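J.: Each chain is listed here by its residues.
There are 2 protein chains.
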Amino acid sequence: MSDSSLPPSLHTALKDLLGPAGLLTGTDDTASYCTDWRMLYQGRCAAVLRPASTEECAKAVALCAEHGVPMVPQGGNTSMVGGATPDDSGRAVIISTTRMNRIRHIDHGDLTMTVEAGVTLKAAQEAAAREGLMLPLSISSEGSADIGGVIATNAGGNNTVRYGNARELTLGLEVVLPDGNTLNLMRRLRKDNTGYPLRQLFVGAEGTLGLITTAIIQLQPSPRSRETALCAVQSPEQALALFAAFRKHDPSAVLAFEYMSGTSMNLVTTLIDNCTLPLSEPAPAYALVELASTRSDDSLRTLMESVLEQAFEEELISDAVLAESETQRQSLWMIREEHAEAQKRAGASVKNDVSVPLSAIPAFITEATQRCEALIPGIRVAPFGHIGDGNIHFNLVQPEGGDSQAFLSQDHAIMDTVAEIVRKYDGSFSAEHGVGQLKTYMMPSWRGGAELATMEKIKAALDPHNLMNPGKIFPAA
Amino acid sequence: MSDSSLPPSLHTALKDLLGPAGLLTGTDDTASYCTDWRMLYQGRCAAVLRPASTEECAKAVALCAEHGVPMVPQGGNTSMVGGATPDDSGRAVIISTTRMNRIRHIDHGDLTMTVEAGVTLKAAQEAAAREGLMLPLSISSEGSADIGGVIATNAGGNNTVRYGNARELTLGLEVVLPDGNTLNLMRRLRKDNTGYPLRQLFVGAEGTLGLITTAIIQLQPSPRSRETALCAVQSPEQALALFAAFRKHDPSAVLAFEYMSGTSMNLVTTLIDNCTLPLSEPAPAYALVELASTRSDDSLRTLMESVLEQAFEEELISDAVLAESETQRQSLWMIREEHAEAQKRAGASVKNDVSVPLSAIPAFITEATQRCEALIPGIRVAPFGHIGDGNIHFNLVQPEGGDSQAFLSQDHAIMDTVAEIVRKYDGSFSAEHGVGQLKTYMMPSWRGGAELATMEKIKAALDPHNLMNPGKIFPAA
Chain A
1 MSDSSLPPSL
11 HTALKDLLGP
21 AGLLTGTDDT
31 ASYCTDWRML
41 YQGRCAAVLR
51 PASTEECAKA
61 VALCAEHGVP
71 MVPQGGNTSM
81 VGGATPDDSG
91 RAVIISTTRM
101 NRIRHIDHGD
111 LTMTVEAGVT
121 LKAAQEAAAR
131 EGLMLPLSIS
141 SEGSADIGGV
151 IATNAGGNNT
161 VRYGNARELT
171 LGLEVVLPDG
181 NTLNLMRRLR
191 KDNTGYPLRQ
201 LFVGAEGTLG
211 LITTAIIQLQ
221 PSPRSRETAL
231 CAVQSPEQAL
241 ALFAAFRKHD
251 PSAVLAFEYM
261 SGTSMNLVTT
271 LIDNCTLPLS
281 EPAPAYALVE
291 LASTRSDDSL
301 RTLMESVLEQ
311 AFEEELISDA
321 VLAESETQRQ
331 SLWMIREEHA
341 EAQKRAGASV
351 KNDVSVPLSA
361 IPAFITEATQ
371 RCEALIPGIR
381 VAPFGHIGDG
391 NIHFNLVQPE
401 GGDSQAFLSQ
411 DHAIMDTVAE
421 IVRKYDGSFS
431 AEHGVGQLKT
441 YMMPSWRGGA
451 ELATMEKIKA
461 ALDPHNLMNP
471 GKIFPAA
Chain B
1 MSDSSLPPSL
11 HTALKDLLGP
21 AGLLTGTDDT
31 ASYCTDWRML
41 YQGRCAAVLR
51 PASTEECAKA
61 VALCAEHGVP
71 MVPQGGNTSM
81 VGGATPDDSG
91 RAVIISTTRM
101 NRIRHIDHGD
111 LTMTVEAGVT
121 LKAAQEAAAR
131 EGLMLPLSIS
141 SEGSADIGGV
151 IATNAGGNNT
161 VRYGNARELT
171 LGLEVVLPDG
181 NTLNLMRRLR
191 KDNTGYPLRQ
201 LFVGAEGTLG
211 LITTAIIQLQ
221 PSPRSRETAL
231 CAVQSPEQAL
241 ALFAAFRKHD
251 PSAVLAFEYM
261 SGTSMNLVTT
271 LIDNCTLPLS
281 EPAPAYALVE
291 LASTRSDDSL
301 RTLMESVLEQ
311 AFEEELISDA
321 VLAESETQRQ
331 SLWMIREEHA
341 EAQKRAGASV
351 KNDVSVPLSA
361 IPAFITEATQ
371 RCEALIPGIR
381 VAPFGHIGDG
391 NIHFNLVQPE
401 GGDSQAFLSQ
411 DHAIMDTVAE
421 IVRKYDGSFS
431 AEHGVGQLKT
441 YMMPSWRGGA
451 ELATMEKIKA
461 ALDPHNLMNP
471 GKIFPAA
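Chains as they are written, first to last, in UniProt numbering: chain A, 1 to 477; chain B, 1 to 477.
If you are wondering where the hints come from, they were derived from the structure by calculation, not from laboratory data. Keep in mind that this is a model prediction, so the values were computed, not measured. Any given hint could be a false lead.
[Said to hold, decoys possible] Chain B regions said to be covered by chain A (calculated; three or more residues, Cβ under 8 Å):
id, region
1, 96-110
2, 117-128
3, 245-259
Beta carbons are placed, not taken as given, at the ideal position from N, Cα and C, and that holds for glycine.
Given only the sequences and the hints, what does the whole structure look like? Please build it.
T.: Here it is as structure tokens:
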């Protein structure tokens with residue numbers, strides 16, 4: 001007990017409730033929970049609670065609430081914005097969902113999976129795939145990110161263009177509220193208009209209104225065929241026009257449509273082993289398109305080829321390669337997935353996870369590129385991302401051979417420059433990653449007035465003592 | 001002024017603000033606004049306000065709020081549950097969105113429509129269709145129901161199985177809050193994780209948290225081909241198995257999948273002119289399936305025929321007719337759309353707009369049918385509806401030649417009987433129609449405990465004086 005700052009009566013009660021495996025108090029044991037994986041934040045905690053069931057979790061939350069102890073829900077700890085890291089007061093407990101990790105049921109009639117919060121997204125995807133079904137949510141951190149966190153942050157990723165974000169896939173939820181009451185919204189219904197859509201409120205609330213313990217996820221039949229192509233384009237305009245061409249022919253066939261700037265692609269092919277450009281020469285930009293269908297006929301190949309042929313004729317694309325095997329398909333995707341790693345190896349970088357309306361993407365990329373290049377000579381403007389749903393990771397890499405610290409000292413100037421153009425096009429300063437603690441300062445100017453005031457009213461109504469994930473989403477008063 | 005019970009200072013201020021076209025106070029002028037179209041409720045109001053813009057609406061709401069006058073938002077006045085009708089105190093004003101009726105913009109790049117609340121769903125559908133686009137929400141009342149009401153009640157209808165409810169189609173919203181502040185959530189973004197998803201909260205809140213004035217709707221490319229078939233099946237099990245067969249081959253092709261009981265179909269073919277069964281003989285039940293594709297090839301016909309052929313072989317269906325022309329397609333849909341009218345002509349009926357998980361539909365229909373037939377000898381159990389999304393209109397028609405009043409006197413016994421089985425399968429007592437005033441009494445037993453308590457906290461936080469659509473959703477204290 002000497003190494004815990006928990007009130008003694010709470011410590012005793014939690015130890016009785018959770019047992020040795022469920023309560024970590026020593027600094028050594030809790031240290032890894034107190035830092036985010038990006039190493040942006042170093043917090044402290046009074047303890048890490050690891051309940052093994054909803055019942056244990058609810059009782060633990062009730063005990064903490066009675067003692068006025070703040071609680072920080074944590075899943076796979078993969079937040080990009082410090083959303084699951086406590087502050088450095090050491091007062092808060094972290095509630096880890098790691099031990100709530102059962103896939104309870106997969107239903108072939110309803111196409112649903114009932115799954116506990118601590119199951120990783122990848123484990124859930126694989127369980128669905130073993131049953132011939134698809135969990136159509138795919139993000140870079142899926143090997144570590146867990147279902148609870150994925151839903152609490154309304155994760156997006158590559159397949160949003162076809163299947164929506166985590167929100168659209170979440171049919172049912174079970175949530176432990178800040179006072180320890182359990183909210184059972186575990187209904188597997190496509191239609192249910194019986195009062196406020198509470199389920200929707202917890203998806204994307206980043207754990208500030210309650211802790212998600214279980215979910216029912218909507219699955220889809222696994223695709224029988226996929227067609228994947230990497231295309232060289234001259235500009236973001238052409239990439240968007242290519243997307244529109246596929247969408248016009250069959251929006252339901254487009255599982256993913258990704259954009260990669262030539263600058264970012266160049267970093268991948270030069271800095272990542274075994275990643276070579278499978279096209280005859282480099283281009284100003286690239287589009288990676290994946291079509292998928294559950295039909296057994298081969299019309300998907302026809303669709304891909306006919307759209308690409310027409311795109312050649314209209315000079316929308318200058319080159320393209322189609323995956324002829326699953327291995328080739330994975331190689332094309334590896335090129336896409338290595339952009340973050342390549343940028344990391346290229347030096348310091350400033351990340352902007354932004355979205356704009358689809359139609360504004362070309363103008364946004366062009367203007368933001370020009371402005372950043374004017375701001376810092378030699379800066380490598382390396383955007384990539386999910387152009388099919390309007391989400392660009394507008395990342396800026398330091399000048400080659402330049403000083404990293406000097407570059408990073410201008411991070412606010414860079415972010416403000418990008419943000420100004422995002423704002424001009426009615427976009428979002430955080431498309432996928434959420435607010436966490438990193439972006440709370442942006443809330444007043446972007447979501448201020450009636451919008452932030454309404455959020456604050458909801459927070460105060462459901463968590464009047466500000467005990468659940470404090471310091472996230474809302475700027476310090 | 002003599003015929004208005006508005007406080008004089010409020011009356012003057014509203015008259016100045018809204019002008020003669022915007023303020024109705026005489027009983028003759030306001031009467032039609034005070035009754036719901038089902039004639040279940042006869043309310044009274046102090047005035048009908050008809051603002052022509054968001055600005056006028058916001059100012060009018062602020063004035064009413066200052067005077068403590070309750071407000072009832074009203075769109076096309078097509079609620080099935082008295083959701084837009086005032087109580088009989090005469091204290092409330094009705095705020096009609098009728099004059100906010102412009103389609104502001106259709107964007108081909110974003111596939112969006114920016115539309116004011118008072119535009120009817122049908123007018124919005126037609127505007128999209130003229131541009132080669134589809135607004136994929138279709139409900140029986142679409143000729144009168146307006147966009148504001150459709151979103152406020154999270155309308156569903158025939159295409160939910162493919163495109164979701166109004167919620168999934170609503171990209172942006174503008175809402176006047178109970179205090180007269182305007183909440184601008186008019187972003188056209190597929191990804192935007194910047195705080196609580198307020199937009200989601202107003203979809204389905206039935207006007208109790210604010211008044212929707214403008215929306216941005218997600219459109220789709222218009223289908224290039226449709227295939228529609230009416231199939232005879234022996235049971236709900238077979239209808240569901242047929243749906244699963246289509247879903248397995250291509251879930252994205254199924255635009256609608258409707259169920260009709262033989263009893264209900266028999267009412268249509270005997271009581272509605274020009275509605276004959278286009279099959280060789282009557283069956284215990286029917287499925288109407290519509291496939292749609294934006295692809296230009298003819299593979300949709302192949303898909304329809306191959307699934308139906310296999311269904312014949314597996315004896316899932318005993319007969320089927322495919323529409324060979326647009327006229328035939330419309331005839332098949334007319335048969336489906338006339339079920340409500342045929343039931344009306346057959347005498348008194350009790351309606352249950354319920355949903356259960358897809359996999360539970362056959363058991364639900366079978367058990368509920370048996371129980372109702374045991375309850376009232378001769379009762380005509382006539383379910384139909386959107387089986388593809390789990391939503392059945394489980395309607396009961398009085399015994400032929402029996403006494404209507406005697407039948408209706410047992411409406412609670414009938415509804416309770418159906419509800420008990422819905423509850424057994426974790427279903428919803430109101431799939432599409434909402435709670436309104438008609439079903440507030442069901443909220444404590446169905447959504448009680450932490451769920452209703454959380455809803456009440458949100459209501460109190462956003463509308464502390466209970467001025468916005470009072471008496472809806474929440475049971476009287």
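J.: Run every hint past the structure and note whether it holds.
T.: To see whether the hints hold, each was checked on the structure:
no.: 1; hint: 96-110; in the structure: holds (count 3)
no.: 2; hint: 117-128; in the structure: violated (count 0)
no.: 3; hint: 245-259; in the structure: holds (count 7)
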